[in-house]
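Chemist: When you get a sec, could you build the whole thing from the sequences and use the hints?
Protein chains in written order, with our numbering: chain A, 1 to 448; chain B, 449 to 896.
Rather than coming from a laboratory, the hints here were simulated on the basis of the structure. Mixed in with the good hints, there may be bad ones.
To be verified - List of simulated lysine-lysine pairs, DSS-like, C-alpha gap at most 27 Å:
#: 1; chain 1: B; residue 1: K450; chain 2: A; residue 2: K236
#: 2; chain 1: B; residue 1: K499; chain 2: A; residue 2: K443
#: 3; chain 1: B; residue 1: K450; chain 2: B; residue 2: K460
#: 4; chain 1: B; residue 1: K885; chain 2: A; residue 2: K367
#: 5; chain 1: B; residue 1: K863; chain 2: B; residue 2: K450
#: 6; chain 1: B; residue 1: K481; chain 2: B; residue 2: K460
#: 7; chain 1: B; residue 1: K511; chain 2: B; residue 2: K500
#: 8; chain 1: B; residue 1: K511; chain 2: A; residue 2: K367
#: 9; chain 1: A; residue 1: K126; chain 2: B; residue 2: K815
#: 10; chain 1: A; residue 1: K33; chain 2: A; residue 2: K2
#: 11; chain 1: B; residue 1: K895; chain 2: B; residue 2: K500
#: 12; chain 1: B; residue 1: K460; chain 2: A; residue 2: K126
#: 13; chain 1: B; residue 1: K895; chain 2: A; residue 2: K2
#: 14; chain 1: B; residue 1: K499; chain 2: B; residue 2: K481
#: 15; chain 1: A; residue 1: K91; chain 2: A; residue 2: K52
#: 16; chain 1: B; residue 1: K574; chain 2: A; residue 2: K12
#: 17; chain 1: A; residue 1: K447; chain 2: B; residue 2: K815
#: 18; chain 1: B; residue 1: K499; chain 2: A; residue 2: K52
#: 19; chain 1: B; residue 1: K539; chain 2: A; residue 2: K91
#: 20; chain 1: A; residue 1: K168; chain 2: B; residue 2: K450
#: 21; chain 1: B; residue 1: K857; chain 2: A; residue 2: K2
#: 22; chain 1: B; residue 1: K895; chain 2: A; residue 2: K51
#: 23; chain 1: A; residue 1: K52; chain 2: B; residue 2: K460
#: 24; chain 1: A; residue 1: K2; chain 2: B; residue 2: K616
#: 25; chain 1: A; residue 1: K443; chain 2: A; residue 2: K409
#: 26; chain 1: B; residue 1: K500; chain 2: B; residue 2: K684
#: 27; chain 1: A; residue 1: K52; chain 2: A; residue 2: K436
#: 28; chain 1: A; residue 1: K33; chain 2: B; residue 2: K863
#: 29; chain 1: B; residue 1: K895; chain 2: A; residue 2: K436
#: 30; chain 1: A; residue 1: K246; chain 2: A; residue 2: K126
#: 31; chain 1: B; residue 1: K815; chain 2: A; residue 2: K51
#: 32; chain 1: B; residue 1: K450; chain 2: A; residue 2: K447
Spelled out from the first residue to the last, the chains are:
There are 2 protein chains.
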Amino acid sequence: MKLSQYFLPILKEVPAEANIISHQLMLRCGMIKQTTAGIYSWLPLGFKVLKKIEEIVHDEQIKAGHIPMLMPTIQPAELWQESGRYDDYGKEMLRINDRQDRNYLYGPTNEELITDIFRSNVSSYKDLPLTLYHIQWKFRDELRPRFGVMRGREFYMKDGYNFDLNEKEAIDAYNRHFVSYLRTFNRMGLKAIPMKAETGPIGGNYSHEFLVLANTGESTVYFDKTLLDMDTGQGKLDYYQNTDIKKVVESFTTPYARTEDTHDANIFLEVPEERRIESKAIEVGQIFYFGTKYSEPMNAYVVNPDGQRVPVHMGSHGIGVSRLVGAIIEASHDERGIIWPEPVSPFFAGLINLNHRDEECLRVCDKVYEELGTNGIEILYDDTNERPGAKFAKMDLIGLPWQIVVGPKGVAEGKIELVYRSTGEATLLPLEEVIKKISTAYKALVKD
Amino acid sequence: MKLSQYFLPILKEVPAEANIISHQLMLRCGMIKQTTAGIYSWLPLGFKVLKKIEEIVHDEQIKAGHIPMLMPTIQPAELWQESGRYDDYGKEMLRINDRQDRNYLYGPTNEELITDIFRSNVSSYKDLPLTLYHIQWKFRDELRPRFGVMRGREFYMKDGYNFDLNEKEAIDAYNRHFVSYLRTFNRMGLKAIPMKAETGPIGGNYSHEFLVLANTGESTVYFDKTLLDMDTGQGKLDYYQNTDIKKVVESFTTPYARTEDTHDANIFLEVPEERRIESKAIEVGQIFYFGTKYSEPMNAYVVNPDGQRVPVHMGSHGIGVSRLVGAIIEASHDERGIIWPEPVSPFFAGLINLNHRDEECLRVCDKVYEELGTNGIEILYDDTNERPGAKFAKMDLIGLPWQIVVGPKGVAEGKIELVYRSTGEATLLPLEEVIKKISTAYKALVKD
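Modeler: Take a look at the structure:
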């Protein structure tokens, strides 16, 4: 994409309404524009990041054997009256009357709707296990929306629902979500730590939240430092080897890790002092097992192998897709701007022409832009007539992983500069080398 | 995907509430489930089709140089009061009050919101031309929602907006949309005919609707038969060669083609009788040029090359993404079920095992499933223990382009059957031949 043809409204000033760095940077980079309190338009650059995050979430869910679908944003009140949550949910639920004065709401979550779909179509244990999920806009009418897209009112969320014959199998599904979530966040360059959590308005028996450490987080968390060094590995995983998956979950749930809601200072003291960490953090996902809390009142029963009708066991599992855009920025930026992890970066590399009047510079830029483009690599080419300093500052601000800098001096020597945004490391290389290096890095990314 | 692990709730009966064939077939195939009047959940099979259509729309828009972004579903009333449409829009607008009793609405379209984004960020002719678009859920509170997803209340739409310095350049953008829309529908296997249209609540000077012929269409259309044989060609198109693009538009707008709203019986009589066609049709897209209708009241001005502030010229352009799912089925089905055009088919091929107890059949099915899967081809493998007749009927109903049939008799001879759904043509071929044929057909599709 040539910047002269793009829509990237960079703000020079730090917007007064933004208190945290991700909100400031998203506004400055022209990623979002507030429509009204807690509701945002995703401008082209922000939309690209949102889509990349969405695709990673889809991909990891499908790898875990979960089935994508899509429920609507508007739901009838009747379903929530059946579960008993219509009155319980309180003022955060956006209630709506249509032209015929029937009662609806803008879905804040989908336990009722998915349970209705399940009970209308499934009646035998033979169709289990089943996990359905969707990624859809939700609404929670927060009294004080804040922190930009991190605590907006209209937000984009992945929510998935498992249906199982009994508690044991539902816990298998819980564990599958646990591990797939770790992998999902890991692929976005995030270190997310699972922590024992309270269940809140979703209800239920077990719950874990996934938290990303960041000074600006709303939550305070307490955990054993060993968790920082753990991961789920890179290889292929069979999510239906339940014993193996359970072992991964156990390894992550054995060290102490709790949010302020579940924190127990006495147990925490048993962790050796040098490994005790207290930090601020941002919640990016949460999983729940809640047994028959919805299936019983809503009559979602299946016939079991003994011919008896039993209520199905369920859990629900959420990832804050729009919130992740902010969380990633909170976790990955410096004083000059954002540092995008490659898998979620809006473009893979930026191309800066230091002298748009120099024919050789133009020729080399066009060549880099075309050759990389032919390989499917997305390049943001700053072909404007701004001065070099402004171009560098802008490219650092929007934080693409690689910067390719073409100037008259280097070009005279047959060289261009390749800069790695996260370290600032810059090397002067022949054109072909730069194209090769970028192509290799891109191939390594796409292979994952 | 193995059917035993999928969620595909096939209905045996034709649902009573569905009056038209696409609605009946979508319900029978387990593509959608009605949540409440005019609001649907997209079950896994339906969601896959919706996504494929969405991707084609994105792809063709990007080829035309238009920039994707995303606006929220909920909009503040103030913006619509500025344009004067808040009162004009009537009861089809879903009006919403939040917990603090502020006025919002669920966007039925986005002229106001995009104009607000434009005026906040663009002030010079140098940033033009600019076309921004998004694909987002909309709501129109129809009094009588009907025809399934073809006239729902919550629906998925691509809407794009061009901003130009003057009428001439805005018409270039109009023409660009005209041609890119023809290509978009063509890629979905549809013959869409552009017809002179009225502008309705969007307003403006010019408008064309794109209509697909179908006996069940709501509109009556009148056109010159020559239009049926015209297309935009297959080659690469430079959308910014305005004169070339204009010629394509002129070739499509010269023959008579009008909806009942704009029909003129006297002019129609000038078409030679054997070429006069009257038909029912379904509207799948519409484009508008409306000049300064929104930019003037909403103060969206730019400085022109002479230093004067002038209101920007605009148009808006819509494609009914969710409606297209129904429209494609209306245009492509037979008495046994849907016949998906390859580019929008939920899976590329179906695989039927005629005897799930036969080890050779199982082995061959697994081999076909894995080899095609490795090439990225999506296969729906009916591995259930239903009888062959039921499997054939189900596969015909959901209408995947290719069916691969594995039975004990053929396998004993080293052969399996390949059936082309649209013609019913069946050939018995060696396994390797079938894999090669399917792979070749798939490659031809992906190349486009």
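Chemist: Indicate, hint by hint, whether the structure satisfies it.
Modeler: Quick rundown of the hints versus the structure:
1. The straight-line distance between the Cα atoms of B/K450 and A/K236 is roughly 20 Å, inside the 27 Å bound, and the hint therefore holds.
2. With a C-alpha separation of about 26 Å, the suggested pair B/K499 and A/K443 falls inside the 27 Å cut-off, and the hint holds.
3. Only pairs whose Cα atoms come within 27 Å are accepted, and B/K450 paired with B/K460 is accepted, the gap being roughly 21 Å.
4. Taken as a hint, the B/K885 and A/K367 pair is broken in the structure, with Cα atoms around 38 Å apart against an allowance of 27 Å.
5. In summary, the hint linking B/K863 to B/K450 is supported, as the alpha carbons are separated by about 22 Å, within the 27 Å threshold.
6. This hinted pair checks out: B/K481 and B/K460 have alpha carbons roughly 15 Å apart, not beyond 27 Å.
7. Taking the CA atoms of B/K511 and B/K500, the gap is about 17 Å. The hint holds against a cut of 27 Å.
8. Pair hint B/K511 plus A/K367 holds up; C-alpha atoms about 20 Å apart against a cutoff of 27 Å.
9. Distance restraint check for A/K126 and B/K815: the Cα-Cα separation of roughly 25 Å lies within the 27 Å cut-off, and the hinted pair is therefore satisfied.
10. Straight-line distance between C-alpha atoms of A/K33 and A/K2 comes to about 22 Å, which keeps the hinted pair within the 27 Å bound.
11. A distance of roughly 15 Å separates the Cα atoms of B/K895 and B/K500; the hinted pair therefore holds under the 27 Å criterion.
12. Note on B/K460 and A/K126: the hinted pairing holds, with a Cα-Cα distance of about 19 Å set against a maximum of 27 Å.
13. Taking the CA atoms of B/K895 and A/K2, the gap is near 25 Å; set against the 27 Å cutoff, the hint holds.
14. Restraint check for B/K499 and B/K481: satisfied, since their Cα atoms lie roughly 17 Å apart, inside the 27 Å limit.
15. Straight-line distance between C-alpha atoms of A/K91 and A/K52 comes to about 33 Å, which puts the hinted pair past the 27 Å bound.
16. About 19 Å separates the Cα atoms of B/K574 and A/K12, which keeps this hinted pair within 27 Å; it holds.
17. Between A/K447 and B/K815, the direct Cα distance comes to roughly 24 Å. Compliance with the 27 Å bound is thereby established for this hinted pair.
18. Among the hinted pairs, B/K499 with A/K52 is consistent with the structure: their alpha-carbon atoms are about 15 Å apart, no more than 27 Å.
19. Distance hint between B/K539 and A/K91 is fulfilled; the C-alpha atoms sit about 25 Å from each other, no more than 27 Å.
20. For the hint linking A/K168 to B/K450, the alpha-carbon distance of about 24 Å falls within 27 Å, and the restraint holds.
21. In summary, the hint linking B/K857 to A/K2 is not supported, as the alpha carbons are separated by about 60 Å, beyond the 27 Å threshold.
22. As the CA atoms of B/K895 and A/K51 are separated by approximately 23 Å, the hinted pair is consistent with the 27 Å bound.
23. Pair hint A/K52 plus B/K460 does not hold up; C-alpha atoms about 39 Å apart against a cutoff of 27 Å.
24. For the hint pairing A/K2 with B/K616, the CA-to-CA distance comes to about 24 Å; that is within 27 Å, so the pair holds.
25. For the hint linking A/K443 to A/K409, the alpha-carbon distance of about 30 Å lies beyond 27 Å, and the restraint is violated.
26. Taken as a hint, the B/K500 and B/K684 pair is honoured in the structure, with Cα atoms around 21 Å apart against an allowance of 27 Å.
27. For the given pair, A/K52 sits about 24 Å from A/K436 by alpha-carbon distance, which is consistent with the 27 Å threshold.
28. Between the alpha carbons of A/K33 and B/K863 the distance comes to roughly 60 Å, so the proposed pair goes past 27 Å and is violated.
29. Distance check on the hinted pair: B/K895 and A/K436 sit about 25 Å apart at the alpha-carbon level, within 27 Å; holds.
30. Distance restraint check for A/K246 and A/K126: the Cα-Cα separation of roughly 23 Å lies within the 27 Å cut-off, and the hinted pair is therefore satisfied.
31. With a C-alpha separation of about 34 Å, the suggested pairing of B/K815 with A/K51 is violated against the 27 Å cut-off.
32. Note on B/K450 and A/K447: the hinted pairing holds, with a Cα-Cα distance of about 25 Å set against a maximum of 27 Å.
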